[in-house]
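K.L.:
Sequence:
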Amino acid sequence: MFQVLVNIGNHFDLASSIFVAPRKGIYSFTIQVSLMQNGYPVISAFAGDQDVTREAASNGVLLLMEREDKVHLKLERGNLMGGWKYSTFSGFLVFPL
Numbered sequence: 001m002f003q004v005l006v007n008i009g010n011h012f013d014l015a016s017s018i019f020v021a022p023r024k025g026i027y028s029f030t031i032q033v034s035l036m037q038n039g040y041p042v043i044s045a046f047a048g049d050q051d052v053t054r055e056a057a058s059n060g061v062l063l064l065m066e067r068e069d070k071v072h073l074k075l076e077r078g079n080l081m082g083g084w085k086y087s088t089f090s091g092f093l094v095f096p097l
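In full-length UniProt numbering, the protein residues as written are 1 to 97.
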């Protein structure tokens, strides 16, 4: 199960894993994920790891979002497991419009 550390305003729905923009504005999102095999991380998107079984990668974006626009993570193949501390999804309002 996922652990939500901060959810001010409760705009991230844990059951659906969807963030709903509360207002129009520019939002910043970053992601870091781990590919899990049989409950163990195989590849992580996490900078600074010295373990050669993992490759580092992450990404970020600025999005113009209208009120009630939605964002979520989707993997084309495999599963996203949220029990490991390096699987993260974060976002915040940069500039309201």
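Simulated from the structure, these hints should not be mistaken for lab results.
C-beta atoms are modelled at their ideal positions from N, C-alpha and C, and glycine is treated no differently.
Watch out, some of these pointers could steer you wrong.
Per label pair, the in silico range of CB-to-CB distance [what the hints assert, rightly or not]: (1) 15 / 97: 24 to 30 Å; (2) 66 / 3: 17 to 23 Å; (3) 3 / 97: 30 to 36 Å.
K.L.:
Against each hint, give a clear statement of whether it holds in the structure.
P.N.:
Verification of the supplied hints:
Separated by about 29 Å at the C-beta atoms, residue 15 and residue 97 satisfy the suggested range of 24 to 30 Å. Taking 17 to 23 Å as the suggested C-beta distance range, the pair residue 66 and residue 3 does not conform, at roughly 29 Å. A hinted range of 30 to 36 Å for the beta carbons of residue 3 and residue 97 is consistent with their spacing of about 32 Å.
Hint 2 from the list above is the single one not met by this structure.
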